[in-house]
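Visitor: Residues per chain are reported as follows:
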Amino acid sequence: MLIHTTHGDLEESTLRKVEGALDSDHEHTTWVEYYLGDELVHRSAHVTLKQWPEGLTGVAERIG
Amino acid sequence: MVNRVLRVFRQSLDGLLYANSQSMCSQFKVDILNGLHAFGSSVIRAGTTKDSYKAALYLVSASRGAGDTVYDVTGEVSGANYTAGGVAVTTGTAPTLDGTTAIFTPSASIVYTNVTLATAFDAMLLYNDTSATKLAVAVFTFGSQTVTAGTFTLTMPANAAATALIRIA
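The listed protein sequences derive, respectively, from chains A and B.
Residue 31 in this note's numbering sits at position 31 of the first sequence, with consecutive numbering throughout.
Residue 107 in this note's numbering sits at position 107 of the second sequence, with consecutive numbering throughout.
What the hints contain is simulated information worked out from the structure, not anything from laboratory work.
Among the hints, a few may not be true.
Claimed, not checked - According to the in silico footprint, chain B covers these stretches of chain A (three or more CB under 8 Å from chain B):
1) 14 to 20
2) 25 to 31
3) 40 to 51
On a predicted model such as this, the values are computed, not experimentally measured, just so you know.
In this text, a Cβ means the ideal position worked out from N, Cα and C, and glycines have one as well.
All chains should be modelled from the sequences, with the hints used to inform the complete structure.
Guide: Structure (structure tokens):
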């Protein structure tokens, strides 16, 4: 599989892949990084929002 | 005696059946989201079509928040393939009610494709791109991120009373 990087499209097998995730009440986030040697050449992130912002809580409480 | 008991019973029953309750009408909350009320000065709208909305990203060092009134380029991210002002938001599902809460959530993920955003960002401003002044709607924050020759995706929460992106309870 080809990965789009700062050096153009590179074969995934030539890269080192690092993945991470964060889960909280506010969001669920995952990210993937690809390194060519020690150089970061690709990073994507995916944030899933779980809650509306606190500011709107105040609005809701005042209106409701 | 029997008549008196029946009268008291009737009054009690009426109290159960015909009680007024102080409340904000649920549909009013949806109508607010649809721009159908104007207690103050409003704007002349060109038609009845819905407005277009955009989502812009902001650096960790920015100060976006409740005080924002319009889209502001100050502190917005910049980088390869990111256009100032952000990307369009898909509004395929109209505001509705979940119980007595008016809710709205974009109907698709917000995606910034093949961008490089080297300076950390942690906020998205949702704003009205149809309005002349680009009126602000809300600021959503998340954990600090960077993107390198990649894609940043914001997936929406469930469109329900407890989770919708915009809700008036």
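Visitor: Check, residue by residue, whether the stretch 40 to 51 of chain A contains three or more positions whose beta-carbon lies closer than 8 Å to a beta-carbon of chain B, and give the verdict.
Guide: holds (count 12)
Visitor: Is the listed coverage of the stretch 14 to 20 of chain A by chain B valid when you require three or more residues with a beta carbon under 8 Å from a beta carbon of that chain?
Guide: With 0 residues closer than 8 Å to chain B, the stretch 14 to 20 of chain A misses the three-residue bar; violated.
Visitor: Just to make sure I understand the rule, a stretch counts as covered if three or more of its residues have a C-beta closer than 8 Å to a C-beta of the chain. Does the stretch 25 to 31 of chain A meet that for chain B?
Guide: Since 4 is at least three, the answer is holds.
When held up to the earlier numbered hints, the structure conflicts with hint 1 and nothing else.
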